[in-house]
Amino acid sequence: MSSLHHLHNHHHHHHAHHENHHHHRHGEKHCQSTILTPISDHACFVTIELKDELKSSSNGKAMKIYFKLVEACLQIMERWNKEKCTQFAVGFGYELTNSILGNIQDNSLDYVREYMQAEIFPQYPKDLKGKFGGFPNTGGDLFLHIKSVNMDNCFRATQDFANHEFISPLIKKIQDETYAFLHRRNKKSGLGRDLSGFEDGTENPKEMEEKIEATLTNEKDSFLLAQKWVHNLKFFNSLSLKEQENDIGRTKEDSIELENKPETSHVARVTLEKDGDEIEVVRQSMSFGNSSQHGLFFISYANSGKTFIHQLESMVGKGEYATPQGHNDHIMRFSTNILGSLYFIPSIGTLLKMREKLTSYRPSRL
191 MSSLHHLHNH HHHHHAHHEN HHHHRHGEKH CQSTILTPIS DHACFVTIEL
241 KDELKSSSNG KAMKIYFKLV EACLQIMERW NKEKCTQFAV GFGYELTNSI
291 LGNIQDNSLD YVREYMQAEI FPQYPKDLKG KFGGFPNTGG DLFLHIKSVN
341 MDNCFRATQD FANHEFISPL IKKIQDETYA FLHRRNKKSG LGRDLSGFED
391 GTENPKEMEE KIEATLTNEK DSFLLAQKWV HNLKFFNSLS LKEQENDIGR
441 TKEDSIELEN KPETSHVARV TLEKDGDEIE VVRQSMSFGN SSQHGLFFIS
491 YANSGKTFIH QLESMVGKGE YATPQGHNDH IMRFSTNILG SLYFIPSIGT
541 LLKMREKLTS YRPSRL
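Once you know that position 350 of the sequence shown is 540 in my numbering, the rest is easy, because the numbers rise by one and skip nothing.
Just so you know, the hints here were simulated from the structure itself, not pulled from any lab data.
A hint or two may mislead.
Pair ranges (Cβ atoms, derived) [claimed, not checked]: (1) Glu243 - Glu433: 43 to 53 Å; (2) Pro452 - Asn249: 54 to 64 Å; (3) Val420 - Glu463: 27 to 37 Å; (4) Ala352 - Gln515: 37 to 47 Å; (5) Leu423 - Ser379: 22 to 32 Å; (6) Pro359 - Gly380: 35 to 45 Å; (7) Asn422 - Asp296: 44 to 54 Å; (8) Glu433 - Thr526: 14 to 24 Å.
Calculated lysine-lysine pairs in the BS3-like style (CA-CA distance at most 25 Å, straight line) [claimed, not checked]: (9) Lys316 - Lys362; (10) Lys258 - Lys363; (11) Lys508 - Lys496; (12) Lys316 - Lys363; (13) Lys258 - Lys219; (14) Lys321 - Lys424; (15) Lys377 - Lys274.
Beta carbons: idealized from backbone N, C-alpha and C, even for Gly.
Turn these sequences into a full structure, and let the hints guide you.
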């Protein structure tokens with residue numbers, strides 16, 4: 191996985207793969223733009239629900255709608271990813287991805303079908319509960335992850351998407367739209383701190399090759415866990431520094447992992463090891479809110495949806511990675527998950543392939 195041809199450095203987009211498609215400057219060999227780029231000052235996370243009838247139909251009409259949807263996603267991503275300081279990515283929910291696949295006759299996207307059928311991708315932990323609560327699966331058909339140096343770009347890109355002539359008629363409702371900020375950025379690492387004061391993303395792989403390996407499949411697709419967590423800072427701030435550090439599993443000041451961290455610490459619960467190797471993910475969480483409601487919008491990319499399920503199971507002391515069973519993540523003592531879902535993040539190549547395969551029903555005029 192780490193060989194150099196996987197290393198699609200974003201700075202080289204403009205002269206890569208010119209021949210692929212007239213409107214795909216960034217070439218079909220690339221993953222979506224948010225995955226490997228650094229965390230930004232501002233972000234917007236948008237959870238969109240589509241009209242129910244769209245997700246159950248497979249006929250010429252449905253095919254035309256999905257064609258337009260994919261086409262619009264490509265157009266908008268193309269437009270916004272040209273902006274130097276903005277990255278725009280679209281995730282597809284489980285049900286929607288399966289509906290699109292249901293309209294594609296040949297086997298060219300079988301690799302996506304395989305992800306969708308992987309034992310646990312469908313079962314986002316609906317009933318996964320622990321001592322301090324659980325993880326509601328609040329659904330979502332499309333998810334936008336937009337990051338920018340400028341807040342207005344986050345807003346404008348969201349409006350562009352929601353009001354696009356192909357997309358607007360499909361939307362049942364925008365379930366959640368959260369504008370988020372990087373809180374107390376560390377100049378050296380570029381990482382911010384959660385509102386609790388602890389650094390976020392310390393464990394992210396540093397090298398580009400490691401990031402690629404952690405987040406991308408061979409086809410450059412990825413998976414995203416998006417969860418909105420509301421903090422009770424009054425409670426957390428009433429704890430002693432020692433208790434806080436034991437709940438997180440790191441020192442507060444310089445984010446060094448505790449040698450004797452409790453099994454109930456967040457770091458202990460979400461660090462998964464397979465054959466002695468840590469399973470890596472790339473976190474890009476951001477803080478959000480106002481005085482009355484605030485917290486962390488958790489964003490994490492991985493090369494398999496299973497990784498997230500294992501982490502969530504472990505947080506409530508269950509599943510194959512919870513050794514021993516029964517330890518609940520103490521982060522959940524002060525933070526409540528109010529929204530969440532798992533998304534497929536198709537590569538540009540996968541989106542182009544979807545668009546191409548959805549054209550067999552395409553009428554002469556869209």
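Here is what the structure says about each hint:
The beta-carbon spacing between Glu243 and Glu433, approximately 51 Å, falls within the hinted interval of 43 to 53 Å. Checked against the hint of 54 to 64 Å, the C-beta distance between Pro452 and Asn249 comes to roughly 55 Å, which is consistent with it. Between Val420 and Glu463, the C-beta spacing of about 30 Å keeps the proposed range 27 to 37 Å intact. Our hint of 37 to 47 Å for Ala352 and Gln515 holds, since their Cβ atoms are close to 44 Å apart.
For Leu423 and Ser379, the hinted distance range of 22 to 32 Å is satisfied, since their beta carbons lie about 23 Å from each other. Range check, Pro359 to Gly380: about 40 Å between beta-carbon atoms, so the 35 to 45 Å window is met. A hinted range of 44 to 54 Å for the beta carbons of Asn422 and Asp296 is consistent with their spacing of about 52 Å. Here the CB-CB span from Glu433 to Thr526 is close to 19 Å, well matched to the stated 14 to 24 Å.
Taking the CA atoms of Lys316 and Lys362, the gap is near 22 Å; set against the 25 Å cutoff, the hint holds. Among the hinted pairs, Lys258 with Lys363 is consistent with the structure: their alpha-carbon atoms are about 19 Å apart, no more than 25 Å. For the given pair, Lys508 sits about 14 Å from Lys496 by alpha-carbon distance, which is consistent with the 25 Å threshold. The hinted pair formed by Lys316 and Lys363 meets the criterion: a straight-line CA distance of about 22 Å does not exceed 25 Å.
Restraint check: the Cα-Cα separation between Lys258 and Lys219 comes to about 22 Å, which is no more than 25 Å; the hinted pair holds. At roughly 20 Å between alpha-carbon atoms, Lys321 and Lys424 fall within 25 Å of each other, so this suggested pair holds. Between Lys377 and Lys274, the direct Cα distance comes to roughly 20 Å. Compliance with the 25 Å bound is thereby established for this hinted pair.
Hint violations for this structure: none, all hints satisfied.
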